Amino acid sequence: MSKHRHTEPPSELVLRVKALESLLVEKGLVDPAALDVLIDTYENKVGPRNGARVVARAWTDPAYKARLLSDASDAIAEFGFTGRQGEDMVVLENTAKVHNLTVCTLCSCYPWPVLGLPPVWYKSAPYRSRAVRDPRAVLREFGLELPEDVEIRVWDSTAELRYLVLPERPAGTEQLGEEALAALVTRDAMIGVAKVAGPA
Amino acid sequence: MNGVHDLGGMDGHGPIAYEVDEPVFHAEWERRVFAMTIAMGFYGAWNIDSSRHARERTPAAEYLSSSYYEIWLGGLERLLDESGLLPRAETEARIAALRAQAG
Numbered sequence: 006m007s008k009h010r011h012t013e014p015p016s017e018l019v020l021r022v023k024a025l026e027s028l029l030v031e032k033g034l035v036d037p038a039a040l041d042v043l044i045d046t047y048e049n050k051v052g053p054r055n056g057a058r059v060v061a062r063a064w065t066d067p068a069y070k071a072r073l074l075s076d077a078s079d080a081i082a083e084f085g086f087t088g089r090q091g092e093d094m095v096v097l098e099n100t101a102k103v104h105n106l107t108v109c110t111l112c113s114c115y116p117w118p119v120l121g122l123p124p125v126w127y128k129s130a131p132y133r134s135r136a137v138r139d140p141r142a143v144l145r146e147f148g149l150e151l152p153e154d155v156e157i158r159v160w161d162s163t164a165e166l167r168y169l170v171l172p173e174r175p176a177g178t179e180q181l182g183e184e185a186l187a188a189l190v191t192r193d194a195m196i197g198v199a200k201v202a203g204p205a
Numbered sequence: 160m161n162g163v164h165d166l167g168g169m170d171g172h173g174p175i176a177y178e179v180d181e182p183v184f185h186a187e188w189e190r191r192v193f194a195m196t197i198a199m200g201f202y203g204a205w206n207i208d209s210s211r212h213a214r215e216r217t218p219a220a221e222y223l224s225s226s227y228y229e230i231w232l233g234g235l236e237r238l239l240d241e242s243g244l245l246p247r248a249e250t251e252a253r254i255a256a257l258r259a260q261a262g
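One line per chain: the protein sequences are A and B, in this order. Reminder that position 51 of the first sequence reads as 56 in my numbering, one-by-one numbering, no gaps. Reminder that position 84 of the second sequence reads as 243 in my numbering, one-by-one numbering, no gaps.
Keep in mind that the hints were calculated from the coordinates and are not lab data. A hint or two may mislead.
Claimed, not checked - Cβ-to-Cβ under 7 Å is the rule here; a few derived chain A residues that face chain B:
#1 15
#2 20
#3 21
#4 35
#5 39
#6 74
#7 95
#8 97
#9 110
#10 122
#11 130
#12 131
Small disclaimer: the values here were computed from a predicted structure and weren't measured. Built from N, CA and C at the ideal position, the CB exists for glycine as well.
Extracted from the complex, chain B is given alone in its bound form (with noise of 0.2 Å):
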């Protein structure tokens, strides 16, 4: 499947932006996505390759606007609703139910 994940040879991305000393992390909610994320790998539901097909869906426009955890974080809200692990709908009543809390 092409989409815009397939970036190899594509103009317009302008330059590359370096950090240096550039932390793994660069905030707490990024080390628990990719923990879990990996974490869901090993519970075996799915295989790497529809991980990446996971993310791959994400919207073109969302895609290239999305820093990289939040595409992982896309993709592993994908999978759980898909494999019916965890419906959209729970992780949207408890997001809500959050919001409400932090008022």
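Pulled out of the complex, with its shape left as it was, chain A reads as follows (with noise of 0.2 Å):
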């Protein structure tokens, strides 16, 4: 035998990858450096962790609040939090009476720079397709049931536009410093499928 197959062949959608990047780097037109520094960006430095100090820091500062809902592209600058997919956002704010839902039934707009990249679920076609219709059965298949009496807010994300929820302050949490706080704020909670749920 001329050649050992260890493993199985790559497959074909590997190959197309193999086969796009090579070309890409030999016309020059990417640098498989700047690959890897964009790949190491939105996997590891970028996150949902952003989000929750922003959020965190709703929670603890009343002025940084007052900026983050009336203009909230800069409040989230304040961070350092800025770039690509998060040029111009809104933040919504949960509160006992109203429960904001955020969705991008076209495709996957997601604020990036405060969550990072969107999880498949988001980005898949049962939530997309049912967010706008049943957005209270969609909670539900997430584990959150929401008394008739809240009002369900839902915001279809653009290219242009995109959201963060603010979800409420869970009780018992008046002690905690603005960064404990931030450890209990989830990525759910700020797409709007969760509520932030109280120290254990």
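Fit the two chains together into the complex; they arrive one by one in their own frames, and the hints show the way.
If you want it as structure tokens, here you go:
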């Protein structure tokens, strides 16, 4: 045997991607090192911990919260969270009577600088199709049962405008500082499919 | 342009599949497709609307049966071909060469 095949041959998809990258590099259209930096940025550096810091600041600093609700892009930029897919931001405040839910029915628009890249379910047909039509049932699917008198507002993101939900601060957190509060805030709560739970 | 990507309100897509502790990427090829797409966006031969339009032109049945980054890959190949930066025939030839190498 001239060839020892210890593993399955690469899938068509893997070949397609390898072919594309090798050609783009040869043509000088992309720099492989720059690709690695992009991947590292969005895999390890930018993510929902950013958004959690924004939320915790809004919970503890009324002046910041006012800025955040009136001009979210600028208030978020105070943390240095700027850039692609977050140029124009709106923050939606949840209250005892109003629950906000965000979706992108057309594709996957999502506030990258504060939440990172969206999870698969956010980009999937079931969520995109039903979030706008039966949000209460969708929330129930995520384990969130809202009282009937809570109004649900659904916000469909666009390439130009993206949303971040400001969840309600949970009870029993009066003594917690900003950092401890941020640790409680989840990605799902900032998309609007969950509430923030109090400290365990 | 309406199309299959315009999913708001559509019935029949089943339950939401939630993955606990989901990783940002599920395979190395997804990382490469993501990064190539963003890098080529910076290159400036097209804008975000063109790249969305390129993905939205995925044939309907294929769109619904493809994963997210497969749709991105198809969109990127389409834009590269249409812009003349990388004709599809060249990509196909390279795929064939790599396949032959892999035996």
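Status of the hints after comparison with the structure:
no., hint, in the structure
1, 15, "holds, 6 Å"
2, 20, "holds, 5 Å"
3, 21, "holds, 6 Å"
4, 35, "holds, 5 Å"
5, 39, "holds, 6 Å"
6, 74, "violated, 26 Å"
7, 95, "violated, 18 Å"
8, 97, "violated, 18 Å"
9, 110, "holds, 3 Å"
10, 122, "holds, 6 Å"
11, 130, "holds, 4 Å"
12, 131, "holds, 4 Å"
The structure fails to meet hints 6, 7 and 8 from the earlier list, while all remaining hints are met.
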